Amino acid sequence: MYDISSLYQATSVADAIRALQADPKAILIAGGTDVLIKIREGRLPGCSLVSIHELGEELRGIALAPNGDVEIGPLSTFRDVTFSPIIRQHIPVLGEATDMAGGPQLRAVGTIGGNVCNGVTSADSASTLMALDAVLVVRGPAGERRVPISQWYKGVHQVNLAHDELLVKLLIPRENYDGFTGHYIKYAQRSAMDIATLGVSCLVKLSEDKRLVRQVKLAFGVANPVPMRSPAAEAAVAGLPLEEAIAQIGKAALQDVNPRTSWRASREFRLQLVEELSGRALREAARKGGAAV
Amino acid sequence: MMEILRCTVNNKPVEVGIDPRESLADTLRQRLGLTSVKKGCEVGECGACTVLVDGVAIDSCIYLSVWAQGKTILTVEGLRDENGELTPLQKAFVEEAAVQCGFCTPGIIMSAVEIVGSGKLYTREELRKLISGHLCRCTGYENILNAVERAVQEAHKFVGKEE
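Note that the protein sequences, when read in sequence, are chains D and G.
Anchor point for the first sequence: position 31 equals 31 in my numbering, and the numbering is continuous, going up by one each time.
Anchor point for the second sequence: position 2 equals 2 in my numbering, and the numbering is continuous, going up by one each time.
By construction, these hints were calculated from the structure, which means they are not laboratory data.
Quick caveat, the model's predicted, so the values are computed rather than measured.
Just so it is clear, CB atoms sit at the ideal spot from N, CA and C, and this is done for glycine as well.
No false leads were slipped in.
Computed from the model, here is a short list of chain D residues facing chain G with C-beta under 10 Å:
(1) Asp3
(2) Ile4
(3) Ser5
(4) Leu7
(5) Gln9
(6) Ile29
(7) Gly31
(8) Ser51
(9) Arg79
(10) Asp99
(11) Gly103
(12) Pro104
(13) Leu106
(14) Ala108
(15) Gly110
(16) Arg190
Starting from the given sequences, assemble the full structure and let the hints guide the process.
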């Protein structure tokens with residue numbers, strides 16, 4: 001039996017916002033794959049929950065807007081994202097990243113919205129969403145606001161979301177994925193049921209002849225207390241021949257990252273991973289874009 | 001604070017009083033006596049509590065019972081062929097010696113029900129990934145993979161789908 005003092009099942013987004021306003025200590029629960037585990041560990045004793053688990057009709061699903069933007073409902077599970085024909089066609093790297101979280105049963109339940117709202121640096125979808133400059137649409141009592149993901153993460157477990165606000169949409173603007181190919185590398189001890197020691201997501205846009213890097217977007221998980229981009233690496237390789245870019249991108253990224261030592265790995269090892277995996281991720285992303293490297 | 005859960009369990013309509021704080025694994029085991037559902041890690045890592053909810057394999061230990069309202073749940077107790085015997089999938093587990101202590105078996109069987117039910121063919125590597133949400137401390141997984149592979153191939157002969 002979970003240590004829960006009350007559980008309210010919201011009937012709509014508006015109802016969930018009302019319930020959050022009414023109870024300043026309430027915790028929002030969606031898929032439950034993180035919240036229930038925290039409860040079991042005794043980290044939320046006697047908590048009161050507002051469940052949005054059953055709001056699939058309002059908050060689940062992936063659509064292509066007429067202007068080409070990809071819209072992801074936050075209750076879409078990792079599995080929904082991975083197997084969405086829209087994601088597979090337009091942003092396969094995001095589906096590949098969500099396919100690396102936990103194991104199959106967890107991916108059928110855990111949601112992409114929860115992954116982002118938890119504010120955890122190791123979240124498998126986070127670095128790719130950073131690289132894509134996703135826009136998070138948030139709704140509260142006063143209406144909706146749009147938060148660029150670069151302004152989302154405030155600290156460990158802290159995101160730009162007020163107590164009575166809900167994430168209602170993840171938006172990937174067309175210009176942020178169109179013409180790019182991407183690759184996500186999750187470095188972990190096991191290939192399933194593990195948390196990333198380091199995550200790297202790289203998007204690249206190549207020249208017509210596939211020899212030059214036009215633009216790179218490089219993002220990391222676990223290289224900093226929150227998911228991050230590496231502006232230094234992105235600037236250093238723009239316009240370079242591909243092999244040169246692959247050779248230099250990792251070193252350049254070291255200027256931006258600030259990993260810590262944890263029981264999973266030391267800071268030094270994570271720095272080595274940043275340097276090595278950035279080049280590998282760029283190489284794979286470029287291959288997917290048709291480069292012969 | 002009891003609530004009534006109405007859902008379909010193993011093809012039968014069920015009405016059961018539940019505590020909203022309990023997991024689906026607890027409801028199935030303790031209120032409905034479906035003890036094929038095993039509680040191993042209780043944090044969604046070992047897969048021993050796997051059941052199908054609306055046809056999808058999930059860890060029932062980290063799924064609140066209140067969320068099962070109106071849904072369709074399947075456990076190993078609900079599996080049988082038309083003669084009341086073991087299903088071809090279960091027979092494959094027996095014949096391939098995919099069972100040792102048996103604790104992980106019901107959970108893996110339920111994941112395999114979903115895999116086999118897709119009617120698709122999978123490579124060994126794909127199957128490995130599809131059952132990666134289960135821990136087995138006895139078999140070393142090879143015989144389990146043999147059994148799932150065999151059941152997938154047998155099912156494909158009847159309801160084969162490409163892709």
